[in-house]
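*Asks:* Please take these sequences and the hints and turn them into a complete structure.
There are 4 protein chains.
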Amino acid sequence: MISFVCDYLEGAHPEIMKRLAETNLEQTPGYGQDKYTASAISKIREACGCPEAQVYFLAGGTQTNSTVIGSLLNGNEGVISATSGHINVHEAGAVEYTGHKVLTVPAHLGKMDATDLDSYLRGFFADPAWDHMVIPGMVYISHPTEYGTIYSLAELSEISAVAHKYGLQLYLDGARLGYGLMATGTDVSLKDIARLCDVFYIGGTKVGALFGEAVVFPRGNAPRHMFSMIKQHGALLAKGRIAGLQFDTLFTDDLYFRIGRHAIEMAEKMKAIFIEKGYEFFIDSPTNQQFIILTSEQREMLSALVDFEFWEALPDGRCAVRFATSWATTPEFIDYLRTIL
Amino acid sequence: MISFVCDYLEGAHPEIMKRLAETNLEQTPGYGQDKYTASAISKIREACGCPEAQVYFLAGGTQTNSTVIGSLLNGNEGVISATSGHINVHEAGAVEYTGHKVLTVPAHLGKMDATDLDSYLRGFFADPAWDHMVIPGMVYISHPTEYGTIYSLAELSEISAVAHKYGLQLYLDGARLGYGLMATGTDVSLKDIARLCDVFYIGGTKVGALFGEAVVFPRGNAPRHMFSMIKQHGALLAKGRIAGLQFDTLFTDDLYFRIGRHAIEMAEKMKAIFIEKGYEFFIDSPTNQQFIILTSEQREMLSALVDFEFWEALPDGRCAVRFATSWATTPEFIDYLRTIL
Amino acid sequence: MISFVCDYLEGAHPEIMKRLAETNLEQTPGYGQDKYTASAISKIREACGCPEAQVYFLAGGTQTNSTVIGSLLNGNEGVISATSGHINVHEAGAVEYTGHKVLTVPAHLGKMDATDLDSYLRGFFADPAWDHMVIPGMVYISHPTEYGTIYSLAELSEISAVAHKYGLQLYLDGARLGYGLMATGTDVSLKDIARLCDVFYIGGTKVGALFGEAVVFPRGNAPRHMFSMIKQHGALLAKGRIAGLQFDTLFTDDLYFRIGRHAIEMAEKMKAIFIEKGYEFFIDSPTNQQFIILTSEQREMLSALVDFEFWEALPDGRCAVRFATSWATTPEFIDYLRTIL
Amino acid sequence: MISFVCDYLEGAHPEIMKRLAETNLEQTPGYGQDKYTASAISKIREACGCPEAQVYFLAGGTQTNSTVIGSLLNGNEGVISATSGHINVHEAGAVEYTGHKVLTVPAHLGKMDATDLDSYLRGFFADPAWDHMVIPGMVYISHPTEYGTIYSLAELSEISAVAHKYGLQLYLDGARLGYGLMATGTDVSLKDIARLCDVFYIGGTKVGALFGEAVVFPRGNAPRHMFSMIKQHGALLAKGRIAGLQFDTLFTDDLYFRIGRHAIEMAEKMKAIFIEKGYEFFIDSPTNQQFIILTSEQREMLSALVDFEFWEALPDGRCAVRFATSWATTPEFIDYLRTIL
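If you read the protein sequences in the order shown, they are chains A, B, C and D. For the first sequence, numbering that gives the first Met the number 0 assigns the number 0 to the initial residue and increments by one for each residue that follows. For the second sequence, numbering that gives the first Met the number 0 assigns the number 0 to the initial residue and increments by one for each residue that follows. For the third sequence, numbering that gives the first Met the number 0 assigns the number 0 to the initial residue and increments by one for each residue that follows. For the fourth sequence, numbering that gives the first Met the number 0 assigns the number 0 to the initial residue and increments by one for each residue that follows.
Worth flagging that the hints you see were computed from the coordinates, not collected in a lab. Here the structure is a predicted model, which is why all the values come from computation and not from measurement. Some clues are possibly wrong.
Each computed PhoX-like pair below joins lysine-lysine, with the alpha-carbon atoms no more than 20 angstroms apart [as the list claims (entries may be wrong)]: (1) A:Lys17 <-> B:Lys17; (2) A:Lys190 <-> A:Lys42; (3) A:Lys17 <-> A:Lys34; (4) B:Lys42 <-> B:Lys190; (5) C:Lys17 <-> D:Lys17.
Label pairs and their computed distance ranges (CB to CB) [stated by the list, open to error]: (6) D:Ala125 <-> B:His107: 21 to 27 angstroms; (7) C:Lys34 <-> D:Asp334: 23 to 29 angstroms; (8) C:Leu24 <-> D:His107: 35 to 41 angstroms; (9) A:Glu45 <-> B:Ala153: 56 to 62 angstroms; (10) C:Pro127 <-> A:Asp253: 33 to 39 angstroms; (11) D:Arg223 <-> A:Gly219: 46 to 52 angstroms; (12) A:Arg223 <-> C:Ala128: 35 to 41 angstroms; (13) C:Ala153 <-> D:Asp306: 50 to 56 angstroms; (14) A:Asp283 <-> D:Arg223: 40 to 46 angstroms; (15) A:Pro222 <-> B:Pro105: 32 to 38 angstroms; (16) A:Ala20 <-> B:Pro105: 43 to 49 angstroms; (17) C:Ser302 <-> D:Arg223: 29 to 35 angstroms.
Note that beta-carbon positions come from the ideal geometry of N, C-alpha and C, so glycine has one too.
*Replies:* So, in structure tokens, the structure goes:
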């Protein structure tokens with residue numbers, strides 16, 4: 000049965016599989032000291048417009064978030080997230096396991112509002128008892144968010160300005176960054192992100208790789224001993240070249256962006272069909288995740304024909320579900336969807 | 000230049016690459032809920048003679064050690080290791096990061112001695128101030144050890160008996176387990192390990208996989224919520240099937256053991272050449288890591304022709320170096336070695 | 000200037016000072032192995048109606064909360080608190096420092112509602128992705144709350160029933176327990192608390208001691224090695240007898256309850272004056288903390304004559320302030336207040 | 000029965016009790032914002048010759064060690080201690096609970112040797128795999144040590160120089176500092192310690208206070224948000240004035256030094272008696288702890304007449320025991336000892 004459950008259902012983009020196969024018997028040093036990793040770093044620096052960037056390749060999203068946040072926060076600092084942020088909800092307490100609190104501001108369709116953030120921070124530092132509380136040290140946002148929504152350049156700039164006004168670092172979780180960067184109508188580029196954030200990661204696992212996330216410190220601003228802290232968090236890959244080679248491939252001939260664009264096109268076609276067939280949307284998402292509202296009957300009927308993800312029950316008895324596209328979604332999948340809706 | 004630096008220089012065993020390619024476009028659920036992972040678990044249970052075993056696939060060795068140890072220890076318990084144990088030396092403090100102390104007993108060529116362990120534990124519980132100290136909760140050993148040495152069945156049984164006498168769990172780090180199990184003359188089988196240990200892992204990264212370690216709780220004795228704790232440690236793979244498929248392949252037609260045996264045969268040939276050429280050994284290792292003593296001149300001469308790992312400086316000015324074989328070491332590599340020694 | 004800022008402005012109740020002086024030169028063993036600690040434990044067991052209770056004496060509230068919560072939670076479990084809970088707001092992240100998340104439900108004048116708790120837990124375990132989330136392991140409430148409010152026996156029983164229905168432990172923070180137990184009209188006794196909670200503490204610092212909190216496991220249900228975990232958290236007192244003696248005194252001739260009752264009487268007199276003088280209340284508190292609303296002018300005028308605590312700014316430009324009584328509040332303090340209001 | 004078990008058998012020095020009683024009903028702000036704490040800080044600054052010093056008062060030794068070490072170390076840094084260091088042996092893993100490893104160098108009668116330290120650090124940074132290991136960030140010594148021995152000024156200067164040569168901070172645990180500073184023949188003053196260390200604490204619990212340790216950052220070099228980190232570690236005292244007042248008293252009219260000197264004089268008398276009576280010493284200690292060797296018969300006989308601490312069993316069947324003096328040891332105690340030896 001065809002599945003739209005998520006964007007990590009298949010292996011890796013064929014171009015990655017090809018290069019893994021081609022280079023399989025080459026001998027390279029471990030722990031990211033190999034030429035493929037070096038090449039990937041060089042290409043990512045260029046794509047970000049950051050010749051000084053430090054880039055580290057980790058295996059997965061939760062690992063990346065806890066390693067970055069745990070390594071960058073000091074003392075009793077916490078990280079501010081929208082309530083719906085992945086670190087606040089779906090990482091089984093990985094950030095708290097590093098000893099730091101996730102502080103929350105309201106989520107607006109998954110997004111943080113710069114005004115809420117400013118209000119939180121102003122209130123915090125105005126509180127006479129602030130030094131009995133968790134001191135905000137970092138702002139965490141995801142782009143696209145867990146709800147498929149994206150920030151505009153103006154919104155991102157504002158959040159960055161507010162964070163920096165109060166001396167906090169801005170960290171962007173780009174687990175699905177490729178889909179955000181290639182969303183129709185977005186005015187946010189990779190270079191903008193590199194310019195506005197203090198650290199971010201370019202997601203591979205959900206954008207065509209077998210696994211892997213590229214953490215970028217755009218201005219060479221990684222903390223001292225970042226390599227050792229990655230090891231300390233259990234996040235250092237012995238065969239680092241497997242991650243390096245995948246990112247080298249993703250950043251060759253714009254593969255990362257082509258994957259993103261393909262998934263967006265498939266999502267837009269899917270969206271058009273849902274609209275055409277009269278379905279209601281839970282969220283209007285411009286990225287590869289589409290959130291549809293189904294009645295119980297519709298859900299039952301459809302789930303016999305296609306796989307998708309249950310998202311949440313709605314007060315009126317209906318439910319929201321998610322259909323996701325990826326590099327691997329073919330036009331035939333979309334055509335099939337048209338026949339069954 | 001040919002390299003004998005370590006056993007994780009290449010990609011994956013070709014059989015693994017083949018199956019990754021064949022299944023690449025299949026859609027499977029994430030987080031290890033896929034059929035390949037299920038099949039791998041089933042095969043590992045059989046190989047271990049443990050139909051009740053719980054098996055979890057993680058990405059790398061340090062991650063596995065800190066996840067297992069951090070999840071199994073309670074309160075202020077610590078883990079006892081030989082001083083040379085990987086967790087005590089080369090994991091950048093990953094175990095301590097989980098809040099637990101590594102307690103040490105002397106290492107004998109990398110091995111823990113059951114008598115030392117017994118003496119440590121007897122002394123600990125006899126100390127009137129024991130409850131002001133770190134309470135031993137687990138024994139950690141590696142097999143093969145970091146020095147390529149292996150335990151005999153009698154030694155392993157004794158350590159298991161001592162650990163259990165004092166109520167401690169026994170955890171075996173099998174990063175290179177395949178090479179230990181296939182060492183010439185060993186009397187320790189995988190089933191013995193499953194019988195004598197409370198938890199252990201079967202190493203993939205260093206034995207033919209791109210990455211991956213299989214943690215085994217042989218009697219279904221994983222702690223409650225182990226899955227969530229793996230997520231908490233950042234060790235849950237989204238595309239779990241990539242690890243599952245690799246282990247499914249390794250445990251099909253005895254591939255894991257054939258890889259181990261091949262590396263041992265290559266190591267034995269290598270050893271014979273070193274002996275023949277009059278080299279002295281730092282340690283007499285029966286596994287895939289060989290430790291040779293070189294003079295400065297020899298080291299300089301050889302390092303221009305072949306890659307190997309510097310191990311440690313010796314008091315007499317010479318040094319110990321390591322030559323490792325793996326699934327990827329060919330007879331040609333060994334022949335070449337003969338020509339240059 | 001007379002101060003009503005909080006309930007820890009003075010030293011200790013004179014009866015405590017007297018016994019500290021009397022026993023000062025006696026020699027006793029350290030770490031709580033002394034006769035005064037034994038006597039205090041015995042009296043607390045009796046007051047709680049729990050002959051099996053285990054009792055530990057720690058120095059302060061935040062220390063007690065992080066030691067108890069950090070020692071009792073397992074793996075990736077979190078503790079559920081009302082949003083206004085002390086552990087969620089005013090402990091500088093001490094709970095998160097132990098690796099565990101504080102999960103929140105709405106606060107109703109500082110109190111947790113059993114219905115909210117039930118709804119949270121039902122929702123959690125119904126979520127198909129619950130094992131990617133922080134697993135609730137404990138419920139934390141304070142009595143009286145941070146807003147001076149108290150639970151009724153029915154409310155406390157319901158919370159206990161809900162917590163236990165889902166297998167969670169109930170922990171009650173009694174930093175100001177004496178004032179709650181002696182509130183006019185309360186139907187909650189110390190024995191009720193001991194019966195309904197799995198662990199709680201009887202606050203000393205804010206109820207007449209120099210320092211000290213008595214943690215009670217009412218049914219001998221402390222985790223293994225609790226003593227060592229207290230040491231691990233830096234919470235073991237070398238001269239344990241100083242804490243033991245203070246609690247021995249507090250639980251001799253009902254001193255703890257007399258202190259509580261005195262503060263309540265003072266608070267009720269104070270309340271009557273504020274009502275009489277036409278002041279508005281921010282919260283209707285039955286305990287020793289009274290929350291009054293002041294205009295800017297009133298605040299300015301009063302703060303020149305008496306010390307009280309700023310609590311929070313109100314949207315209409317006025318502010319809420321706190322006046323607290325304690326064992327040390329004299330009728331003269333209250334009389335003075337009448338003259339200046 | 001008279002006890003020489005340790006130096007924390009009694010309450011507090013009478014002068015402290017007197018001032019606690021005198022000030023008992025005064026109202027002061029909490030958390031160390033009171034005038035007694037301010038006065039104590041001022042006097043400690045003067046005694047240290049450090050007008051810029053930051054001083055924090057905590058409750059006990061283990062708490063102080065884990066708060067200071069946990070707050071000052073970054074990332075995967077560890078703290079180097081002699082194997083016999085209190086943090087390595089008798090704190091139930093409190094330092095590891097903060098996520099940091101205790102690294103060890105050999106102990107020489109409880110003391111660290113600058114040469115060993117230098118050798119450790121030189122070896123560490125020369126190791127090509129150093130970034131896979133725990134990075135040394137701090138040196139921990141105790142003065143007097145756990146064996147009652149003390150550093151000479153030359154030794155302390157050397158350790159300080161070595162630590163600083165490699166960029167590490169030097170932390171001195173002064174749980175019994177008063178006894179070290181007043182040891183006959185010592186050439187180390189409090190000002191020397193303040194000059195040579197980056198942080199240290201002046202112990203109160205074992206030197207005349209009910210409880211309390213004064214952490215000193217001699218050059219105003221406390222990390223940002225130290226106050227909040229103390230709170231995070233559960234080490235902030237609500238009635239901070241109780242600790243402040245005790246140190247204010249200890250540093251008035253040299254009481255701290257007079258206490259130290261008194262205990263040393265008592266210890267020297269005790270020592271003379273043991274020598275005179277032909278007892279053998281386990282360690283030649285110049286401070287208030289004396290370590291004597293007893294046969295089983297002697298131990299049995301003496302323990303019926305006086306309390307002392309069993310220290311360790313010796314290979315020849317005899318044992319080492321400890322007799323400690325303090326501010327509270329009277330000449331009568333010593334006279335009694337003479338009669339029974």
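*Asks:* Could you run down the list of hints and mark each one as holding or not?
*Replies:* Going through the hints against the structure:
Distance restraint check for Lys17 (chain A) and Lys17 (chain B): the Cα-Cα separation of roughly 11 angstroms lies within the 20 angstroms cut-off, and the hinted pair is therefore satisfied. For a cut-off of 20 angstroms, the pair hint linking Lys190 (chain A) to Lys42 (chain A) stands: about 13 angstroms separates their Cα positions. For the hint linking Lys17 (chain A) to Lys34 (chain A), the alpha-carbon distance of about 18 angstroms falls within 20 angstroms, and the restraint holds. Simply put, Lys42 (chain B) and Lys190 (chain B) have alpha-carbon atoms about 13 angstroms apart, close enough for the 20 angstroms limit, and the pair holds.
As the CA atoms of Lys17 (chain C) and Lys17 (chain D) are separated by approximately 11 angstroms, the hinted pair is consistent with the 20 angstroms bound. Between Ala125 (chain D) and His107 (chain B) the C-beta distance comes to about 25 angstroms, which sits within the given range of 21 to 27 angstroms. Checked against the hint of 23 to 29 angstroms, the C-beta distance between Lys34 (chain C) and Asp334 (chain D) comes to roughly 27 angstroms, which is consistent with it. For the hinted restraint 35 to 41 angstroms between Leu24 (chain C) and His107 (chain D), the CB-CB distance of approximately 37 angstroms keeps it satisfied.
Separated by about 59 angstroms at the C-beta atoms, Glu45 (chain A) and Ala153 (chain B) satisfy the suggested range of 56 to 62 angstroms. Checked against the hint of 33 to 39 angstroms, the C-beta distance between Pro127 (chain C) and Asp253 (chain A) comes to roughly 37 angstroms, which is consistent with it. At about 23 angstroms, the beta-carbon gap between Arg223 (chain D) and Gly219 (chain A) misses the expected band of 46 to 52 angstroms. Checked against the given bound of 35 to 41 angstroms, the beta carbons of Arg223 (chain A) and Ala128 (chain C), roughly 37 angstroms apart, stay inside it.
For Ala153 (chain C) and Asp306 (chain D), the Cβ-Cβ distance of about 53 angstroms falls inside the hinted range of 50 to 56 angstroms, so the restraint holds. The given range of 40 to 46 angstroms is respected by Asp283 (chain A) and Arg223 (chain D), whose C-beta atoms sit roughly 43 angstroms from each other. The hint said 32 to 38 angstroms for the Cβ distance between Pro222 (chain A) and Pro105 (chain B), and at roughly 36 angstroms that hint holds. Between Ala20 (chain A) and Pro105 (chain B) the Cβ separation comes to about 46 angstroms, which falls inside the hinted range of 43 to 49 angstroms.
Ser302 (chain C) and Arg223 (chain D) have their C-beta atoms about 31 angstroms apart, which keeps the hinted 29 to 35 angstroms range intact.
Hint violations for this structure: number 11 only, all remaining hints satisfied.
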